[in-house]
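Residue strings, one per chain:
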Amino acid sequence: DAGITQSPRHKVTETGTPVTLRCHQTENHRYMYWYRQDPGHGLRLIHYSYGVKDTDKGEVSDGYSVSRSKTEDFLLTLESATSSQTSVYFCAISEPGAGTEAFFGQGTRLTVV
Amino acid sequence: GIQVEQSPPDLILQEGANSTLRCNFSDSVNNLQWFHQNPWGQLINLFYIPSGTKQNGRLSATTVATERYSLLYISSSQTTDSGVYFCAVERSSFQKLVFGTGTRLLVSP
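Those sequence lines, one after another, are chains A and B.
In short: position in the first sequence from 1, add 46, done, that's the working numbering.
In short: position in the second sequence from 1, add 212, done, that's the working numbering.
Hints were generated in silico from the structure; no laboratory data involved.
Mixed in with the good hints there might be a few duds.
[Claimed, not checked] Just a few of them, taken from the derived set where beta-carbon distance is under 10 Å, the chain B residues facing chain A: (1) 213; (2) 257; (3) 281; (4) 305.
[Said to hold, decoys possible] A few chain B positions that, by computed beta-carbon distances, are all more than 12 Å from chain A: (5) 269; (6) 291; (7) 302.
C-beta atoms are modelled at their ideal positions from N, C-alpha and C, and glycine is treated no differently.
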């Protein structure tokens, strides 16, 4: 298994509170990603990072921010959680170049009440 | 952006049966991966297959890039094959994957 650890694995939070999800990798991969999974939508890209301090928006970035201060850690922050952000969040890693595949963490189930 | 369609959306099989899952995509791609999401939610890499054919045990996959589709074959299905199968493609830089909505497979004993 790829060395990807997401924390926490489960979280229940109240509307309006800030929440930070952490992704930690031991593979030294350059690229990291945050996706969310919702019924009927598959997985959708929130934000991604192509290097330390280098990040960009994905398809569904509104309401989310990210930071990457070290190669191994990629943080996803919900500044003020809303019920529409109830979802399962997956972190992924990959390397640049042809012939490389992405690997996913085990997911974080977030419920906003 | 690129569109990814998977069919069928749901599939029920008896143990031992064979099946074919299909993934159509709307534009040329640099990368195509198949994943299995098990009942515990874990995403398991099955194949990295932007073109050609690969086999791994009872599973095989074929991508015909010029016709923009990929097929995943499952032979002699087992109950542990149950779950959701996702196709994901990447066209742009930075290997950002675009997922289909998946095929939900249930294999009954």
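Task: Structure-inconsistent hints, enumerated in ascending order - done: Of the numbered hints given earlier, those the structure breaks are 3 and 7, listed in rising order.
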